[in-house]
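A.B. asks: Each chain, letter by letter, is given below.
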Amino acid sequence: MKKRILVVDDEVIIADDLCSTLNGLGYDALEPALSYKQAIDMLSTETVDLAILDINLGGRKTGMDVAEYIQEALEIPFIYLSSHTDTKTLELAKNTMPYAYLVKPYGASDVMAAIEIAFNNQKRYSENKGNIDTEQIPSLTAMEKVVIRKISENLSTKEIAEQLFISESTVKNHRHNICVKLDLAPGTHSLLKWVMENNQYIQ
Amino acid sequence: MLQLNILKKHSGCVWGILLLVLINFNPALQAQEVISIDSPQFDFSVGKGKSLLVFEDTTASLTFNDIIENPPFNGEVTGPNNLTGFYWIKLSLLNTTINDLEVVVTGFRTINSKLFQVLSNGELFNAPYGAFQKKKGLNQGDSRAHVSFALKAGAPQDVYFRVHGRAFSANFMDSKTFRTKQLRGQVQDLLFFGACLILVIYSLIQFGVYRYMPYLWLAMFALGMGMYAFSVQGFFVDWILPNSPTTALNFTMPWSQFGHLGMLFLAISFLELKTKFPLWYKVFIGLILLTLLRTVAGVVLTSVYQDYGLMTDMSIKLLMIDITLFHVLLFALWKKVERSRKVFLIGLIIFGATLIIASFTWKYIFVSKSIVLLYTSSLGSLVQVLIFSIAIGIRMRQHEVEKNIALNELNVVLKEQNKRVENEVVERTKEIEDQKVVLKERNERIETLFKEIHHRVKNNLQLISSLLNMQQEWSGTKDSAKAIEESRSRVVAMSMIHQFLYRTDDIATIDFKDYVVELVKKIDGIQTKKGCYELVVDFDSQPNFDLDTSISLGLILNELLTNSYKHMIDENNQLELMLKLHSRKDGMFNLTYQDNGAPIPDTFEEMTKKGFGLRLASRLATQLHGKLGYEYDCGNRFTIVFADEEMRITLID
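Line order of the protein sequences matches chains A and B. Under UniProt numbering, the first residue of the first sequence carries the number 1, and numbering increases by one thereafter. Under UniProt numbering, the first residue of the second sequence carries the number 1, and numbering increases by one thereafter.
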């Protein structure tokens, strides 16, 4: 049976082009979703085996929000296809645990390879996902999750700030908020300790 | 101990009478002289000398009758040697005037004594007097300091004194003279005590007004010194405790100690010893304790030993300590304090100075030691109170001056602060102005950059168009010609938008009407079969659309135009186009495109599925959150419903 793929992109021409490419590659490309709302509608009503998400969807919600929905509601793999390559976008994208990240302009063979690998990895990822104790990581925002991951990589506040192109005080703010949400005593070391203890969940 | 001087008015007469006396009296008494009074107004004093016969009664038990019967006076004229012993003194007076005289005797300093007289009718007259006499024991009209008796004219009269304690001295005068003197003394007292009272009241009032502690202590000092004088003069005894003179007299020194305490408190308070000179503070606390101690000791000892002189002597000696310390204080603090306190320090030593002077000179003054003490202490205290008042007054004025200086300084500081704030404001404003300039320049730079970008994009798209053209000319076929042509016109539609954005100052939106007119012109230029066309534009507003909307609309119009050129009724006909734009109340737009050509070959649905161009136009309309509609009415009429960027943002989330 042909795999059903949903393309989410706000540029209709590009989405159509990709759909025709996918059809040509042997997949069944559904009507592309041109916005977050349309994407959620499609995902909840149609059977979708894989989603290809553009990051910028023209509104406040981004492809990463779609990805979060997919993570929570569905068990399907998804791939990012975006023209953004800056570190901040990448780090935020990492939060959602994508199966691949393709950069525009893309080649048809790149897309095919990514899709096939994604389907292959689907099994392994879904096993790990069950171990994640989502109770332990309550409502942290996307940026906070990025910061936690960076802390687990042993980066200092200054280094984190440089990587993500934000100010040091913003990083400190995130750290503080994380400590409050996780009910830790404020200060560098308590957060670091927690991160070390819960390392497997973070990855 | 006895006073040496005898002041007599009528010395000549006395010498004459002496002979008479010598003739008329018992040889045993030949040593005594008779004092003659030959004028109704007389005033003389008697102390040691030939007119006195003295006998010391060591048994203290002889009565007047014993004395008369057995005059113990021997020829030797000796004087009383003991302060508290009993003496009998005999005087002989002769009234040589015509009338009887009333004689007043005063000027004693004695504890308690009696004057005796044998009257012509044989009766005994006595008149008690002395500091310790109870008031009720005195004769009518007498006081503790004076007695009166009658002296008949003619015969010589013996007068006896039984004296207890102290040296004997007596002033004899007629009653008129006495009253004059008394009056004068009373006026002096009134002035002095009046001044004291006024000073005390003044100090208390000042304290009430200014709440400045030194005034209270000044009042205490003035009161103490005033009451001391009051007590020494005997007024305290007479007015308050007339019938217990011993108790009342015990108050004398304590009053002066009270005043002294007042002075010590005043010094501590006014010189601010506690805070500024803590060492001296401790010294003065010691002095206070010493004063209290000697007061208590004095009162106890006096009531035990009944020696009132003892307390006075002891006090004076101990007072020397205080006075010495005051002098040391003066030198120690002189340089360290300001004017008002310098004045105060001078006041402190006045009393000591006067006392020292008095101690050295009292022997040369012809009054008793206690009177010297009284006058020095009284006058000295008055002067002190005045000087202290002046010092406090200077201090208060200085306080005002200091307050004014502080206020002025505060004003200056406030003014400086205001100036500084103003300067800061000016600086900040300048900074803001500078920043505004910088921002304006930056804005302009950004706008220039944007324009540059649109220019380059336009150039790049034109490049693509040229490449396509060249491709066609180089290796194109008849089939490829149409495809290339269609591609080129799409590129042109997009590149024109960037050109418009580059051309005008508005880098975000373009005037859609102008664009549409230019687009049709350009696309007409590209067509291989060129013809004439007529374009009617009917917009109900001046639309300015953003980049994304413009590109989509431009591409849609391009497809529609291409379609129109494809289905022209015949090649020689003019293409008549009409474009209508209507902005709806719900925020969407209606764009109507009408040509005069032949209808599309298939149904609209089929065309959007089969034909790439119309399909593209339809897809782009959905991207604009709208729809592409079709009907045929003397030509192909396409209706595009769409939302501009603003509207799309509200629809999308």
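If you are wondering where the hints come from, they were derived from the structure by calculation, not from laboratory data. Don't take every hint at face value.
Within a straight-line C-alpha distance of at most 25 Å, the following computed SDA-like cross-link-like pairs (lysine to any residue) qualify [claimed, not checked]:
1. A:K61 - B:T622
2. B:K451 - B:M470
3. B:K627 - A:V12
4. B:K458 - A:N56
5. B:K609 - A:G26
6. A:K37 - B:D548
7. B:K135 - B:P156
8. B:K585 - A:G58
9. B:K458 - A:V12
10. B:K609 - B:T622
11. B:K176 - B:L190
12. B:K627 - A:G26
13. B:K403 - B:Y210
If you only want the chain B side, here are some residues facing chain A, beta carbon under 10 Å, derived [claimed, not checked]:
14. L555
15. E645
16. I652
C-beta: ideal position from N, C-alpha, C; glycine also.
A.B. asks: Would you mind marking each hint as holding or not holding in the structure?
C.D. replies: Now the hints, each set against the structure:
no., hint, result
1, A:K61 - B:T622, "holds (19 Å)"
2, B:K451 - B:M470, "violated (28 Å)"
3, B:K627 - A:V12, "holds (13 Å)"
4, B:K458 - A:N56, "holds (24 Å)"
5, B:K609 - A:G26, "holds (21 Å)"
6, A:K37 - B:D548, "holds (20 Å)"
7, B:K135 - B:P156, "violated (31 Å)"
8, B:K585 - A:G58, "holds (24 Å)"
9, B:K458 - A:V12, "holds (22 Å)"
10, B:K609 - B:T622, "holds (15 Å)"
11, B:K176 - B:L190, "holds (21 Å)"
12, B:K627 - A:G26, "violated (30 Å)"
13, B:K403 - B:Y210, "holds (15 Å)"
14, L555, "holds (8 Å)"
15, E645, "holds (9 Å)"
16, I652, "holds (4 Å)"
In this structure, the earlier hints numbered 2, 7, 12 are contradicted, and the remaining ones agree with it.
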